[in-house]
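Using the hints, position chains B, C, D, E and F against chain A.
Number of protein chains: 6
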Amino acid sequence: MSRKTALVVSAHSADFVWRAGGAIALHAQAGIDVTVVCLSYGERGESAKLWRLDGMTLDRVKSERQREAEAAAKALGVADIQFWDLGDYPITLTQETLFRMVDVFRKIRPSFVLTHSREDPYNRDHPLVSQFAQEARIIAQAHGHNPDEKVVGAPPVMLFEPHQPEQCRWMPNTLLDITPVWDQKRAAIECMAGQEHLWEYYTRVALQRGVQAARNSDKTIKYGEAYEAVFPHVVETLVPTEGR
Amino acid sequence: MSRKTALVVSAHSADFVWRAGGAIALHAQAGIDVTVVCLSYGERGESAKLWRLDGMTLDRVKSERQREAEAAAKALGVADIQFWDLGDYPITLTQETLFRMVDVFRKIRPSFVLTHSREDPYNRDHPLVSQFAQEARIIAQAHGHNPDEKVVGAPPVMLFEPHQPEQCRWMPNTLLDITPVWDQKRAAIECMAGQEHLWEYYTRVALQRGVQAARNSDKTIKYGEAYEAVFPHVVETLVPTEGR
Amino acid sequence: MSRKTALVVSAHSADFVWRAGGAIALHAQAGIDVTVVCLSYGERGESAKLWRLDGMTLDRVKSERQREAEAAAKALGVADIQFWDLGDYPITLTQETLFRMVDVFRKIRPSFVLTHSREDPYNRDHPLVSQFAQEARIIAQAHGHNPDEKVVGAPPVMLFEPHQPEQCRWMPNTLLDITPVWDQKRAAIECMAGQEHLWEYYTRVALQRGVQAARNSDKTIKYGEAYEAVFPHVVETLVPTEGR
Amino acid sequence: MSRKTALVVSAHSADFVWRAGGAIALHAQAGIDVTVVCLSYGERGESAKLWRLDGMTLDRVKSERQREAEAAAKALGVADIQFWDLGDYPITLTQETLFRMVDVFRKIRPSFVLTHSREDPYNRDHPLVSQFAQEARIIAQAHGHNPDEKVVGAPPVMLFEPHQPEQCRWMPNTLLDITPVWDQKRAAIECMAGQEHLWEYYTRVALQRGVQAARNSDKTIKYGEAYEAVFPHVVETLVPTEGR
Amino acid sequence: MSRKTALVVSAHSADFVWRAGGAIALHAQAGIDVTVVCLSYGERGESAKLWRLDGMTLDRVKSERQREAEAAAKALGVADIQFWDLGDYPITLTQETLFRMVDVFRKIRPSFVLTHSREDPYNRDHPLVSQFAQEARIIAQAHGHNPDEKVVGAPPVMLFEPHQPEQCRWMPNTLLDITPVWDQKRAAIECMAGQEHLWEYYTRVALQRGVQAARNSDKTIKYGEAYEAVFPHVVETLVPTEGR
Amino acid sequence: MSRKTALVVSAHSADFVWRAGGAIALHAQAGIDVTVVCLSYGERGESAKLWRLDGMTLDRVKSERQREAEAAAKALGVADIQFWDLGDYPITLTQETLFRMVDVFRKIRPSFVLTHSREDPYNRDHPLVSQFAQEARIIAQAHGHNPDEKVVGAPPVMLFEPHQPEQCRWMPNTLLDITPVWDQKRAAIECMAGQEHLWEYYTRVALQRGVQAARNSDKTIKYGEAYEAVFPHVVETLVPTEGR
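Protein chains in written order, with the working numbering: chain A, 1279 to 1522; chain B, 1279 to 1522; chain C, 1279 to 1522; chain D, 1279 to 1522; chain E, 1279 to 1522; chain F, 1279 to 1522.
Think of the hints as simulated: they come from the structure by calculation, not from any bench.
There could be a bad hint or two in this list.
Note that identical chains are pooled: a pair holds if it fits in a single copy or bridges any two copies.
Straight line, CA to CA, 20 Å or less: simulated DMTMM-like cross-link-like pairs of lysine to aspartate or glutamate [stated by the list, open to error]:
1) K1428 / D1381
2) K1385 / E1474
3) K1385 / D1332
4) K1500 / E1478
5) K1497 / D1363
6) K1385 / D1358
7) K1327 / E1474
8) K1352 / E1342
9) K1500 / E1520
10) K1500 / E1514
11) K1385 / E1514
12) K1282 / E1478
13) K1327 / E1427
14) K1282 / D1461
15) K1282 / E1520
16) K1385 / D1426
17) K1500 / E1474
18) K1500 / D1461
19) K1327 / E1468
20) K1352 / E1374
21) K1327 / E1514
22) K1428 / D1496
Looking at chain A on its own, in the form it has when it is part of the complex (with noise of 0.2 Å):
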């Protein structure tokens, strides 16, 4: 039987780092295929600090966030890691592109799927991305699109945080443990040297998201990564898990 996946659909491609960096260095570790898609690199919005080296162009900058996000998934464990080059403020979204995301849905078939917060004020690509990775989703279970493939089933869609999560009117109703990683994932953060601004930042979000979690639980958690599910969760079971 095949392993198997999950997918991270990425507006910039740092976002997949500081949001998600736990999540797939756990199940990665478990195990599973995780996919990152970076639909652009975030060369024009979210580069800051390269912009300020001279002679810098819009293909160097593409270039080193290309570097830095390798070495990042790489630390991560992730199986596999896209560059789309779509460009970015605004990201551009067409139908073909679109129809690719579905053919990724359908290649790969994740377990689950996490992206971008449906409101963010401060980042118009942000929300345009989330919807852009669920409507994907949604084609991808029409038996109509390429009727010869066969669709996927219902994947949960998991939003992870946005970097003022109370403005995104964002509520995070799924605390993930990501204490046995943490490492990695703060090994990942350091490969963002254009975005070092960030790092101490991240480091306390997943601190606070990781109090919040034992204080929901009766477990000893130290780091934690936080999500929105979209789509309520279908259980066989009210008891929650143990601990580790």
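Frame of chain A, contents of chains B, C, D, E and F only:
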């Protein structure tokens, strides 16, 4: 090691049947001791059919309601059912009663708690009981309340489905597959002779939630119960559980 | 056959004028007996102008407020106005008072009920009265409350407009054309000598709601009152009524 | 004088049956000409059963879907059903199509409009169509659009029930009694051979909404349809209509 | 040092008058250069009165609307008013136009930005323009967009009052005292000959917001404008400012 | 002229430190007299560490908590700290206590008020205290309450940050720069020996809110506190203040 337990806090003596009968039977079957506390009999507000009988009195309504609830509890495999007889329409919830509920939390140390929705414009007792159950849980966590006792941890609280869900601003974010115990739930429902008009209504609710649970997973599910989790789920994986 | 009735539950003795004067006059004119219950006089919190007079006492404020309210009620065609004198800022609402209100529901069997908004950060009495009126209605539906009496049906509850509507999270989903009775409402408003600063404010409210009512229909409407319906409208057609 | 009309804007060719079949039959019976515009056939995303047949093609799916929809329309008494064949999953809505819809509004001048909910995480076409229909209505009101034509007024827009209502943040604030035409709606439902798994689901929806409609009124109602009104109701009385 | 500036992004050529005329005059008086960008003339959707004149054409409507807007801008002390003539009902917002707006942000570097509400079921152009203005601001902050230019900071964005505020789910959390410039706002309003039916409506809006501003402070305020701040206020004291 | 004042209403004796310590120190430094009312010691529910000591009693917990709070108050420059010893888990808030709080409002006439969030599913005392403080403010505005006293105006109410902000549906719409007084806040935090596990948690909160405050302005800010304003800001300019 002692058995796991669960606690159901029911405003009136029939609520646990319509709203949580599946969860009760399912967990009882899994070896969990389920305690149901019926705070009142619903003798004034939810016994219209009985009051239409000649010569009915409050005491007769209560004893009839108790008889029905005990039969239903038996059908569901309830370990302990308690009737606190606090009155209804309106229910009277004092500090003494609150501390009695804290004692229940401390004594059984439930793995999870089921109770009513936060709002219900058709029923004032329901939101009062929801808040009461949640407050008791908070006090049971306080080290200074009966400091010689062991405090409880952080059991999840799940709010069960009200009669007109949208009007109660209740959001089902957890769907429980109750297919394996549906026959028991239906048997318990049929113990409620005084509210026969609700039998088919709640059978349809179970079928609708079953279809939705199947739609939100890749499982074959016929009957479901829906819950709104008050607190975030704390998890160690984002991969959904496999179906039965 | 007996006449139709309506019930207005007003926290303070002037609220029914500003907030529901048009509805009262309109339905009175249509042959409906409108009962207004003023739970308090607003003697402490809504009588600033009176308190500026020399030698004012609580009793004098109350009697002046009652006099004004009776004059306004007369101008509007109120069938019965009651003053329960329960105090204000804060209002005191006991179970005895609740059952007294249930008796009103049972006695008059209103076709609809008007009361305050669910929230009001400027006025604590208003949301308490809203909940009180709604709870009384629920108990009046309970067969076990005074089982020899006939229970009431399901009269719509409409929440009238608070002073600063958006801050109260109140949503006007029903706009009533009060143009035919505007003169009566204005006359009633002018009975409120103690709150003259509100005369023009609520005249402008009526004009704004009138413009909005016209905009949301194809009718000629000059003055309006806005309400938030608590419960769904149950209808037999989706075609809007014709204008006058 | 010309007959009254109503307009139903349906994303896929079966939506009008499940979601608005009762309203259509009820108003048709009352002498109102109901126009149904099916923007697509739902040929890709809502025809799973057909795609399981051997040798199925997009054209065959479409013609089968059209045949079913026409039969259902006939059962409901639809005056005019149009198939615009705009594709689905995703639907393609251009400015040209928008103006075509404006023409429909201008031509039939509907007394009310029925369309989809504002959100639907399971179906991207539905919210797009809702916005499209609402935008067409707005443009039809603009004096400068084809200035020689008469603009439309302000017909109410009612959003019909999505498949998983709470997840779509859809709030049923209007309940329509469809008991008198239930047999017609059921007959129309049974025309939808390709989606037989939905027959009982939507029959149960009608029964649940019927119970709720009865509960929110004092009428005897067996079958109902629920709607969310986009705009405030403009009324001349707050007294609910009498039952049949 | 250069003067401070502010930017008003107005969907149609009259919106800035009704919705932000007070803010414009107040800040102009304080020595701030206010730029108003009218994306369209509102020639199709908001010029009913002009279209009733004989022989009216689109060009004549536009030039009349421009004349009125220029007169109003002059009355308010606008430093620069621009007419982009992008069409209305629906407005057409391309990426080219977006970058043109980014250029405006980069050139004037506004201290604050005023634009439309996020939702408006009566007007599709308004929310589109709100999103457009916010997106331009985000891109103006991106170092990789025209990297030789200086990026903008984080100017507050204030959403001005729509015609039917509650229906737009717009929440006024900032009240501006415009009493000192009311005469100018009224003069500007009276330049809008084509929409005379709105003169008194928006005068009443100013009076109501004035009463509310006084009520929420301890100041004497007669006329106000209300805004919804998109982002948190960043402050160095929680003490409210003294009144004039 | 007398000095300005501010009022902090704290459910338990440590809340003012974690949640408002920066605001207190900042305004004290600016010459404002800050009164802190600790309604209870948090002796039952928030003193877990103390209860783990041998031979602990309720009185010893209270005196230890008072000692810590007084030391923190001193570090922050609090002008007056009061301990009302009303009990916790649950707190007991009578009308007598309410009027005592009204007296505080009347006596100090605060320029602003800080208290708890409206909701908190982890802590029942917090929302009760929030409502209590808001109600006292309303009564303090009532001319008929102790009519010989001068009523208070309309001081802003700011709700401070709860432990798990999103779960409390609390929205930070005001960010206060507390960088200049951070050392004092940290010193006050370190007075709370009984809750050492929270020291780093709330230090991280301050850092995160500091980053966000900088991001929402063009200022250099390291530490912040976030608040939700209950009422609209009433302002005379929309230009943000300059940084320090």
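To see whether the hints hold, each was checked on the structure:
no., hint, in the structure
1, K1428 / D1381, "within (11 Å within a copy, 41 Å between copies)"
2, K1385 / E1474, "neither (35 Å within a copy, 30 Å between copies)"
3, K1385 / D1332, "neither (42 Å within a copy, 23 Å between copies)"
4, K1500 / E1478, "both (16 Å within a copy, 13 Å between copies)"
5, K1497 / D1363, "neither (41 Å within a copy, 33 Å between copies)"
6, K1385 / D1358, "within (13 Å within a copy, 43 Å between copies)"
7, K1327 / E1474, "within (9 Å within a copy, 38 Å between copies)"
8, K1352 / E1342, "within (16 Å within a copy, 51 Å between copies)"
9, K1500 / E1520, "within (16 Å within a copy, 28 Å between copies)"
10, K1500 / E1514, "between (28 Å within a copy, 13 Å between copies)"
11, K1385 / E1514, "neither (28 Å within a copy, 26 Å between copies)"
12, K1282 / E1478, "neither (32 Å within a copy, 35 Å between copies)"
13, K1327 / E1427, "between (45 Å within a copy, 15 Å between copies)"
14, K1282 / D1461, "neither (24 Å within a copy, 35 Å between copies)"
15, K1282 / E1520, "between (23 Å within a copy, 12 Å between copies)"
16, K1385 / D1426, "within (13 Å within a copy, 43 Å between copies)"
17, K1500 / E1474, "between (23 Å within a copy, 16 Å between copies)"
18, K1500 / D1461, "within (12 Å within a copy, 26 Å between copies)"
19, K1327 / E1468, "within (15 Å within a copy, 37 Å between copies)"
20, K1352 / E1374, "neither (29 Å within a copy, 39 Å between copies)"
21, K1327 / E1514, "neither (49 Å within a copy, 29 Å between copies)"
22, K1428 / D1496, "between (41 Å within a copy, 14 Å between copies)"
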